[in-house]
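Start from the sequences, fold in the hints, and give me the full structure.
Chains as they are written, first to last, in this note's numbering: chain A, 1 to 475; chain B, 1 to 347; chain C, 1 to 259.
No lab work stands behind these hints: they were computed from the structure.
Careful: at least some of the hints might be erroneous.
[As the list claims (entries may be wrong)] Straight-line distance between alpha carbons at most 25 angstroms, and here's what the computed SDA-like set of lysine to any residue pairs gives:
#1 B/K155 <-> A/E23
#2 B/K58 <-> A/A18
#3 A/K449 <-> A/I276
#4 A/K176 <-> B/P177
#5 B/K50 <-> B/P177
#6 A/K412 <-> A/L248
[Unchecked claim] Derived Cβ-Cβ restraints for the label pairs, each shown as a range:
#7 B/M178 <-> C/G224: 41 to 49 angstroms
#8 A/K449 <-> B/L88: 35 to 43 angstroms
#9 B/E236 <-> C/G106: 48 to 56 angstroms
#10 C/E74 <-> A/R292: 42 to 50 angstroms
#11 B/D94 <-> A/K449: 45 to 53 angstroms
#12 A/F78 <-> B/G300: 36 to 44 angstroms
[Stated by the list, open to error] Facing chain B, from chain A, some residues (calculated, C-beta under 8 angstroms):
#13 W22
#14 E34
#15 Y37
#16 R70
#17 F74
#18 F168
#19 D171
#20 S172
#21 G181
#22 A281
#23 S282
#24 S285
#25 L288
#26 R292
Cβ coordinates follow ideal geometry from the N, Cα and C atoms, glycine included.
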Amino acid sequence: MVEKRSDRERESILSTAASLRWEVGNDLQTSLMESIYQNASRISDQVVIADKSKARLAWEHRLEWLLTSRWTGFPIMFLVLAMVFWLTISGANYPSQLLSGLLIEQLYPVLKTFGADLHLPWWLSGLLIDGMYLALAWVVSVMLPPMAIFFPLFTLLEDFGYLPRVAFNLDSLFQKAGAHGRQALSMSMGFGCNAAGVIATRIIDSPRERLIAMITNNFALCNGRWPTQILIASLFVGALAPAGLASLVSAAAVVGITLLGIFLTFATSWWLSNTILRGEASTFSLELPPYRPPRILQTLYTSLIDRTVFVLWRAMVFAAPAGAVIWLVANVHFGGSTLAEHLIDLLNPFGVLIGLNGVILLAYVIAIPANEIVIPTILMLTVLSSGTPDLGHGAGVMFELSNNAAYMAVFKAGGWTLLTAVNLMLFSLIHNPCSTTLYTIYKESGSLKWTVVSALLPLLMGFLACYFVATLWQL
Amino acid sequence: MVEESLEKLLIAVVGLVMLWALFRPVSGFFWRMLRASRQSDRVLIEDGLKHLHDCEYKGLQCTIQSLAGALSINGERAVRLVTRLEALHLVRWDGNLLVLTTLGRSYALRVIRIHRLWERFLADQTGIPEPEWHAAAEKQEHRLSEQEANQLASKMGHPRFDPHGDPIPTLSGELPPMKGKPLSELKTGEFAEIVHIEDEPETVYAQLVAEGLYPGLLIQMLDQSNGKVRFAAQGEEILLAPVLAANITVEPAKRLPETVSGTSLLADLQPGETAEVVNISRACRGLQRQRLMDLGIIPGTVLQVGMRSAAGDPVAYHIRGAVIALRREHTKQINVLRVEENQHESQ
Amino acid sequence: MNPNKGCEECPLNPAENLVRLGVKMDQHDFLVALAGNPNTGKSTVFNALTGLHQHTGNWPGKTVARAEGGFLYEKKRFKIVDLPGTYSLLSTSHDEEIARNFMLFGQPHVTVIVAEASRLERNLNLVLQILEITERAVLCLNLMDEARRHGIQIDTAKLSAELGIPVVPTAARQGEGLNALLKTIHDVAMGTLSCSPKRFQTGTSDLSEALTILVGKLEKAFPGLSNARWVALRLLAGDEQIIEAVRDGQLQSLAGANG
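Here's what the structure looks like:
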């Protein structure tokens, strides 16, 4: 009985509220905010004693002007970003070699002997050591050093408060493409690692612009793809120029590919914002926080833990099973030849149509977890399919080579031409993101639909680009 | 011999594929066509009910002719439609006027509810531009189920008005009586607030939107002569042909009308200038409006223009102790009153 | 790495009373909610209290989901929940809903509101909204070092009197004021320090009539409800969750807890 009565009472509250709502009209929120802010400003006037002369420190004022004015803003920005990239690339070289020497040249043979001592069956030792271990070793040695340098540097700039100014300066450019100025930062982060770049889109607080930044992050050439570009450019493009200019020409080719990636970022952003993402809500506001002296130790610690180790872990989780798959594909026999050879034969007609070949396509399919292992996989598959095992470490094992002549010998055996090289460079820039990045996109966007778009859109664009280049080439 | 049988096989395969394309479950071409024809039947019924309700709400009389005109169908089809509506007990004849039955009214309100909810949704939670709302809602009103509409409403906090200022019927079919009067009935010098802008016909609506008019805008009637309606809004004079003015409904202003003139746009201020926020234009909606308010851009806020970015467009503003960069496309929607620096200090 | 290091030599440091528990929280004596605007150093305060290392950038909006941690102070176990940073609680954005629902239905014993000292006015917007919902709150006035650098002083005693809740100035990055904060949280949780937040008559005159009617009805149906005005405002705004809380009587349990 009491229950009934209180039920009725509650329903009557709700119906009163519902009918009162017609009277209150549309502006409830504005008028509430207005009166809350009135109280807030009354209280703050009473309790805050501000020394106006110190309100904005002189050095802050001058720094702000220097970093955002028309004539100094952009040059300083390019200088700072170039410095970060230079430190990353040149600084990562040595530790990368060290790691690969340790993990691949020294530890790998030790593991092999250990496996033999344990009398592991050939397939188990192959699967575990030649497959999973090698893939992991490659990912770690290529990925870890640049990330361990790049992320702390970036985090320092972030903590200091410079990055919001970069977004501020570049926003009008991004606005024209329907994107957010902060995409400049997720994009820069993408040059380190696309998965980290996708996570960095969290700072974009507008739904549409955040999706755009996620989907296009892949066009920032990540550090897993730099080595591919540099290798192919110096082997094929640099060789076209006279000896003295070779390194300059090949460097120009890599820069060209990078710039093409930036152009594609803008073009794709523009296209997305005007077509499939047109209906998504969009907002813009950019707070410029005060400059804060960065705390270096804390930054090193958190950027290593939160960014580097996190991304590396995710990459390793994907790379290990991929290593196993790669090994299996190259070692499972099926009607007289390996599974890989069947697949290559299957993919080859399409590969040739778009100026690549079956080996490259298969490498991109099975090395989807990490771009770092694409070149080793291509080498292994080429040796396997061209029947020249003496060029590598024996059939079915991923490997790298120590000098350009050796690479050239393998590629020549695989029937590569200049067209193959150019298209490989293009395809390495324009193809689906690695599975680590895709998984991150799925986690961050929470949507299967946008993950699929992020995978298929660049893939389709890559096929088209390669097809056009191949067709024009043959004219 | 072999070739012949191959040919036959090919034809058979093509035939099978075509059959599959036509009749495959759910998305087969045939089923789609069938649904479309049924859909259009339902669309006609629902649009007819909407027209009848519109007449009733505005106190106008509805006949077969007005129905045919509103739905742009010929008289014969209109008669068939009315027969259909009668058979469904949605409409009855009162002399030669058409009147909604209780059942018909609640059906009509349900459709209107979905239409206006959907417009509210498009305005607040998507980036779809204003001129496309009406057409999108015209389609959606026939598709959304009642349950989906309720979910939408509760997610948006049960909005009461659509973005044109029209009330959204409640779940139980409540709708407040129409308020306001046509703009042309306003006397010279009177202040008023726009409460409704009719969104049909589309061309007229687009012109009114282009003039920067929106529900909630405060105006002052200047005069009506020479076949033109002249009034002030946001410090500007607006001239409208009576045909256009007839689509605007106003109500005496509840708020202080002093904000009607003398304002400028935040976007037009120079670095270093100080201003007090008057309001955020209604043209700024949804997330962006919310964001600006969260940042402290509220009527009465005093802000100062800071530096421009290197490329010139986003400009930084000092707002309640924070430095916030805003784009020109949004500062164009914020009305402010310039404040002289010394006057501000003395406050 | 210990952000509290600077003060371990201070004579009055009760640091032995604080044990950072990280995420190991199986049971707790008190539940603490941590709310505040984005980019006010909320996560730094959270890290300093729990010993966890959530990344904090000079950016708004780093904490995306809810983060939990714990600490032991004066032999009491505190579980602390870091809510997403929001500017306001009035709209229906996802983050604001998470923050608001936790403060309303999670029934924390203490809500710590982190505000940025040099942008007090803007931060008060959220503070005043939170005080409409909850009774027991502590204002942590963070980034005092930055305010000092900019020549800003704040009369914390007066602010505390104006708001009706304790106010603790801190500089969490330097570890300054954390002990006072811990003690205040503890005292408010134990009830030795009482809060009586001032509630302002928000809203315009045309609202007040509607509010009076609704508040009267709400107080009759839910005796002891301390934030009836706020609930009435939410009903007028059509807030689905509050409507449901009224309908199924969940509001009554809140009234009981607060009253």
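Okay, the hints, checked on the actual structure:
no. : hint                                  : verdict
1   : B/K155 <-> A/E23                      : holds (21 angstroms)
2   : B/K58 <-> A/A18                       : holds (24 angstroms)
3   : A/K449 <-> A/I276                     : holds (12 angstroms)
4   : A/K176 <-> B/P177                     : violated (46 angstroms)
5   : B/K50 <-> B/P177                      : holds (16 angstroms)
6   : A/K412 <-> A/L248                     : holds (24 angstroms)
7   : B/M178 <-> C/G224: 41 to 49 angstroms : holds (43 angstroms)
8   : A/K449 <-> B/L88: 35 to 43 angstroms  : holds (39 angstroms)
9   : B/E236 <-> C/G106: 48 to 56 angstroms : holds (50 angstroms)
10  : C/E74 <-> A/R292: 42 to 50 angstroms  : violated (33 angstroms)
11  : B/D94 <-> A/K449: 45 to 53 angstroms  : holds (52 angstroms)
12  : A/F78 <-> B/G300: 36 to 44 angstroms  : holds (42 angstroms)
13  : W22                                   : holds (5 angstroms)
14  : E34                                   : holds (5 angstroms)
15  : Y37                                   : holds (5 angstroms)
16  : R70                                   : holds (5 angstroms)
17  : F74                                   : holds (6 angstroms)
18  : F168                                  : holds (5 angstroms)
19  : D171                                  : holds (5 angstroms)
20  : S172                                  : holds (4 angstroms)
21  : G181                                  : holds (7 angstroms)
22  : A281                                  : holds (5 angstroms)
23  : S282                                  : holds (5 angstroms)
24  : S285                                  : holds (5 angstroms)
25  : L288                                  : holds (4 angstroms)
26  : R292                                  : violated (14 angstroms)
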